[in-house]
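A.B. asks: Here is what each chain is made of, one letter per residue.
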Amino acid sequence: MTAFRFEVGGALDRDRPVEFSFNGRRLQGYTGDTLASALLANGECLVGRSFKYHRPRGIMSAGLEETSALLTVGRGASATPNTLATTEELCQGLEAYSQHCWPSLRFDIGVLNQLFTPFLGAGFYYKTFMGPGKTSRSWMFYERFIRRAAGLGRASREPDPDRYENVEGFCDLLVVGAGPAGLEAARVASGAGLNVILVERDFQLGGNLLQETVPIEDVTASAWLASRERDLRASPNIRILTRTTAFGIYDHGVVGLVERLQRSPGELDNTARERLWTIRAKRVVVAAGAIERPLIFGNNDRPGVMLASSMRSYANRWAVAAGKSAVIVTNNDSAYIAARDLAKAGIFTILVDAREKASGSMVDAALAADVEVRFGRVPLRAKGRNGVTGLQIGDPNGGHAEIIRCDAIGMSGGWSPTQHLLSQRGVRPVWSDELAAFLPGETREPIRCVGAASGVWGNDECRDSGRAGGAEAAIALGKTIVKPGFPPAGGWDNPIRQHVLNSIKGKAFVDVQNDVTLGDIILSTSEGYDAPELLKRYTTLGMGTDQGRTSAVNALALIAKMRGRQISEVGTTTFRPPFAPVSIGVLAGSDPGQRLYPTRRSPVHNASISQGANMIESGFWLRSQYFPQGAESLEAGYQREMRMVRRSVGICDVSSFGKISVQGPDAGEFLNRVYVNAFKSLPVGKARYGVMLRDDGLAMDDGTCWRVGEFDYLVTTTTACAGKVLSWLEELLETRWPDLRASATSVTEQWAAISIAGPRSRELLEPIITGMKLDNDAFPFMGVREGKIDGVDCRVARISFSGELGYEVYVPADFGENTWNLLLTGVKGLGGGPYGTETLDALAIEKGHIVGGELDGRSTLDDLGLGRMASGKKPFVGSVMRRRPELCNDNRAQLVGLVPVTDGETFEVGSILCQQQDLSGHGLGWVTSAIESPSLGHWIGIGMLNGGLSKWEGRTLLADNPIRGVRYLVKVVSPHFIDPEGKRLHG
Amino acid sequence: MAKRIYPTEGLATVSEVTYQPSTTVVQYHAWPQRYVEMAGTLAAQYKLSTSPTPGKAVCGAYASLLRVHPQRLWLVGGDLAPDVKPDLPPDIGCVQDLSHAWHTIQVDSSIASQLLNQFVSVNLVPQHFPVDSVALTPLHGIGVVLWCRPGGISVLTPRSFAQSIWHALVETRRRLPSQKPL
Numbered sequence: 004m005t006a007f008r009f010e011v012g013g014a015l016d017r018d019r020p021v022e023f024s025f026n027g028r029r030l031q032g033y034t035g036d037t038l039a040s041a042l043l044a045n046g047e048c049l050v051g052r053s054f055k056y057h058r059p060r061g062i063m064s065a066g067l068e069e070t071s072a073l074l075t076v077g078r079g080a081s082a083t084p085n086t087l088a089t090t091e092e093l094c095q096g097l098e099a100y101s102q103h104c105w106p107s108l109r110f111d112i113g114v115l116n117q118l119f120t121p122f123l124g125a126g127f128y129y130k131t132f133m134g135p136g137k138t139s140r141s142w143m144f145y146e147r148f149i150r151r152a153a154g155l156g157r158a159s160r161e162p163d164p165d166r167y168e169n170v171e172g173f174c175d176l177l178v179v180g181a182g183p184a185g186l187e188a189a190r191v192a193s194g195a196g197l198n199v200i201l202v203e204r205d206f207q208l209g210g211n212l213l214q215e216t217v218p219i220e221d222v223t224a225s226a227w228l229a230s231r232e233r234d235l236r237a238s239p240n241i242r243i244l245t246r247t248t249a250f251g252i253y254d255h256g257v258v259g260l261v262e263r264l265q266r267s268p269g270e271l272d273n274t275a276r277e278r279l280w281t282i283r284a285k286r287v288v289v290a291a292g293a294i295e296r297p298l299i300f301g302n303n304d305r306p307g308v309m310l311a312s313s314m315r316s317y318a319n320r321w322a323v324a325a326g327k328s329a330v331i332v333t334n335n336d337s338a339y340i341a342a343r344d345l346a347k348a349g350i351f352t353i354l355v356d357a358r359e360k361a362s363g364s365m366v367d368a369a370l371a372a373d374v375e376v377r378f379g380r381v382p383l384r385a386k387g388r389n390g391v392t393g394l395q396i397g398d399p400n401g402g403h404a405e406i407i408r409c410d411a412i413g414m415s416g417g418w419s420p421t422q423h424l425l426s427q428r429g430v431r432p433v434w435s436d437e438l439a440a441f442l443p444g445e446t447r448e449p450i451r452c453v454g455a456a457s458g459v460w461g462n463d464e465c466r467d468s469g470r471a472g473g474a475e476a477a478i479a480l481g482k483t484i485v486k487p488g489f490p491p492a493g494g495w496d497n498p499i500r501q502h503v504l505n506s507i508k509g510k511a512f513v514d515v516q517n518d519v520t521l522g523d524i525i526l527s528t529s530e531g532y533d534a535p536e537l538l539k540r541y542t543t544l545g546m547g548t549d550q551g552r553t554s555a556v557n558a559l560a561l562i563a564k565m566r567g568r569q570i571s572e573v574g575t576t577t578f579r580p581p582f583a584p585v586s587i588g589v590l591a592g593s594d595p596g597q598r599l600y601p602t603r604r605s606p607v608h609n610a611s612i613s614q615g616a617n618m619i620e621s622g623f624w625l626r627s628q629y630f631p632q633g634a635e636s637l638e639a640g641y642q643r644e645m646r647m648v649r650r651s652v653g654i655c656d657v658s659s660f661g662k663i664s665v666q667g668p669d670a671g672e673f674l675n676r677v678y679v680n681a682f683k684s685l686p687v688g689k690a691r692y693g694v695m696l697r698d699d700g701l702a703m704d705d706g707t708c709w710r711v712g713e714f715d716y717l718v719t720t721t722t723a724c725a726g727k728v729l730s731w732l733e734e735l736l737e738t739r740w741p742d743l744r745a746s747a748t749s750v751t752e753q754w755a756a757i758s759i760a761g762p763r764s765r766e767l768l769e770p771i772i773t774g775m776k777l778d779n780d781a782f783p784f785m786g787v788r789e790g791k792i793d794g795v796d797c798r799v800a801r802i803s804f805s806g807e808l809g810y811e812v813y814v815p816a817d818f819g820e821n822t823w824n825l826l827l828t829g830v831k832g833l834g835g836g837p838y839g840t841e842t843l844d845a846l847a848i849e850k851g852h853i854v855g856g857e858l859d860g861r862s863t864l865d866d867l868g869l870g871r872m873a874s875g876k877k878p879f880v881g882s883v884m885r886r887r888p889e890l891c892n893d894n895r896a897q898l899v900g901l902v903p904v905t906d907g908e909t910f911e912v913g914s915i916l917c918q919q920q921d922l923s924g925h926g927l928g929w930v931t932s933a934i935e936s937p938s939l940g941h942w943i944g945i946g947m948l949n950g951g952l953s954k955w956e957g958r959t960l961l962a963d964n965p966i967r968g969v970r971y972l973v974k975v976v977s978p979h980f981i982d983p984e985g986k987r988l989h990g
Numbered sequence: 157m158a159k160r161i162y163p164t165e166g167l168a169t170v171s172e173v174t175y176q177p178s179t180t181v182v183q184y185h186a187w188p189q190r191y192v193e194m195a196g197t198l199a200a201q202y203k204l205s206t207s208p209t210p211g212k213a214v215c216g217a218y219a220s221l222l223r224v225h226p227q228r229l230w231l232v233g234g235d236l237a238p239d240v241k242p243d244l245p246p247d248i249g250c251v252q253d254l255s256h257a258w259h260t261i262q263v264d265s266s267i268a269s270q271l272l273n274q275f276v277s278v279n280l281v282p283q284h285f286p287v288d289s290v291a292l293t294p295l296h297g298i299g300v301v302l303w304c305r306p307g308g309i310s311v312l313t314p315r316s317f318a319q320s321i322w323h324a325l326v327e328t329r330r331r332l333p334s335q336k337p338l
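Protein chains in written order, with my numbering: chain Z, 4 to 990; chain U, 157 to 338.
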């Protein structure tokens, strides 16, 4: 028990005390407390420092609208910065720390910033660091100091130790908010047979009912709430999610929720910390309540200044007194209820009403509770530094000033319906002068705001509004039910007095979280930044974790006043997801790290691993890069493997190459249209190298195409382009030529593919394979045959990109490992072995084949030296566009070979090729691939060079890599370094 | 004869998530305007009462037909009887054996919707995804086919991704007790 905690009352479990710490001090609260209520109960009014000026800050609210009490919860890797003390459920062992203060909360060096207040007004950064005569260098220099001096909490640099989950959910009706309106909407809808999900941010259902003392339906609010909760939990077709925030609503009724699961450090170890729900709802009812607005007066950010309804919440729900003597300042009726309850709780309460008079039940109730009311007075300035010692009030013009001694100030400047979710759907709110609030605009989407979120203030009316919303949803989804009418917005006895602006004394904050003052708004508006979106960016108003929940309307009112317009004419900002901060961890999902993305494994993955393969990611695939012997480096490894292939034979897993089966009577015609060269006439049992162009005439991908039957082709692609090519073929078949009797199906997964290369390839294959002859006559280059390996059907194509005698062996994937092992045994017996992708590419580079870097979306067929492949007898995709003058320009970058001028010189991929005397601009070309060739004994490369071989062959250029600071001379040669006549290939 | 080696061999298991080896998957693709003819032919060939409507499967004695695409049917089952040869007249459509390309992971009905709805955006509760329902959907970013059968939901997954999906399902299954049932 503390001086601030009442002896009785509140929705607390006083039999279950909870130990926690704040800035290292051990404190005690109760089960049912929030961190904020427990801090207040322990007399901790000063909890943090402000964003820019390091002003002392306390607890300003009791909910998600909190602007000041942002704390770091947890330590080390588990530390979560910017946690709202007002929504953090107190749990055993919780550790909370103030942030953005040094060396301590009470003695913070950062307060020196206040000395520079005159220089830190709106647009400070723009004015100081940008514009004519100023360079970004000064910003680069000062940025680190500014960022250290300003800001909020700091995230841990350590990996997040918590676990998160993602779940998909579905319902007929999603109800956001479980106050009287939400509860009734859910009850009515579920009663009508709808499948309902009810979401509540708090850890208890009830919303405003949790602090309500007025009976509802002739029973106490708590009894009514208990009855409703019991009914809902007994309903089989409703799911209730507490501790869950609806942070975003998207197309087609998709709503994002975050459910907080882990209740205390170390507790429920197997439980994820948070769960991300993706809900698909047929209809949505938003019953998210309304947020009370602060009033603008001097020092309205002092610890002890709080929203009036929050003071009431602390008193009624958590049995905590925000002070011993309170002043409530208001312009509307709702504050009278707060004043009444504070007075009933034993807090001496004075109510200062900006209006000249007010009457009705709320006023009477406050007066009956001995609340002293001062009409026609407004707050001018709060007194005190680290807490409130008094409030100076006066008339709206600043006259009749007097100081009231108090230690707490409650503010009520009206209410803003929480319609952020609706706003996220692009629905513009409608300003109500009568209620001084934005009300939900019309929408054709199945979303309905009810209760206080629709501007209905009374509990009974909110309940009725929820009933109507639930019934409306049920009817819309085909249920037969009587639909009650929606109650009108409003519910006070006296009109609100809009936008109290008076003779402000001291620094008055419009956006407390971002330290945006009234002066900032006036300055930026006078400088022309007078539209909400501009003002936001110029002053940072409405940014940060609270996203303008408490500041937006006050800021709009100020803009309207300065521009001499109505608020409705000023416009609003558009709220975007998330409504409340969402941890990055929950967005990353349950499988961060290596399992964030799925991995593709080849059918011979395990067999490659067992041979010691060094694996490398290639897209989603894991491929063997090389097979190191001992501590062999990559460079040494691929050169050894290259020598092995050139001398004997090697095998390489190429299962990741794209494989697409194109079938049907029109398959040949289809491929004729897709490839630049002819395939309709390709004989069965033959393969052909082909290139596809895009519509714009630029090269898309290359590969071989095998004709395995009269109506059956197998298209192979590069690993990287497999998906793209399949999508392209499907698109062509479904949109351009739907009349063709052809089908394209990915069979990449169906086949394990092993490449065999080297002069002894035939020797390797002959004893293993049955059903085919391998001699040159029976199985010539680019032939395709079918046979069996170990009793399993296989396809073999005599294909080579290495320049050596080579085959590609395809077997059904589940037999891939078996086939690999057979070949491995054989290849080792011939003095060969396995090789990886590094060698695969290096062999192709020696032969002068493109290996990927050249197909960068800018190259034409002619650029790649493949122009002669293009058929002149048939049209094909890109055949017209490739003839555009710019694509036929002789000076385009074309494929060339490169060798160093100096013996022993290495190559750098990405180097820019320039004339020696003209090292400038983008140069003449660039190096795309480079290897150290063991066959030639020096480095070789291929690249793209303006004018190509015909212009530069035999000439020397300068290759410059400005990133690594390397320059060297290269000689331009043919890209075919090995066996240009193809003798070995056909051997 | 060589032994088939499956992508999930040797991996950790849980009782409700099982791998189904030797599943036959044969794709039938109908040419434009010939789907009805193809579906009828196949229903008769496999002695099925009818052909499946979109998003549905029709099950026979030893194989089932799944409608996975407007123009495509998949024949899915165990090893086909020796006298059954997947075939189709070339003027109606084409046939593609995908038995090694697609592998089946079976999730027991007791946890199927709870487990799989951590990954897929199809409502898998029995009222919405009853027996013989079929859906193509991304799971962990990978296109899979879900097929509801009397004992649970079959996840037909591309072979190269099978290990990743297996890991994801098994690991998630182990954590399920901490959750409330959906």
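Bear in mind the hints are in silico, worked out from the structure with no lab data behind them. One or more hints might be untrue.
With a Cα cut of at most 20 Å, we get these calculated EDC-like pairs of lysine to aspartate or glutamate [as the list claims (entries may be wrong)]: (1) Z:Lys683 with U:Asp247; (2) U:Lys159 with Z:Glu262; (3) Z:Lys130 with Z:Asp398; (4) Z:Lys954 with Z:Glu908; (5) U:Lys212 with U:Glu165; (6) U:Lys159 with Z:Asp893; (7) Z:Lys974 with Z:Glu935; (8) Z:Lys791 with U:Asp253.
Keep in mind that this is a model prediction, so the values were computed, not measured.
A.B. asks: Hints numbered earlier in the text: which of these fail when held up against the supplied structure?
C.D. replies: Hints 2, 3, 4, 5 and 6 contradicted; others consistent.
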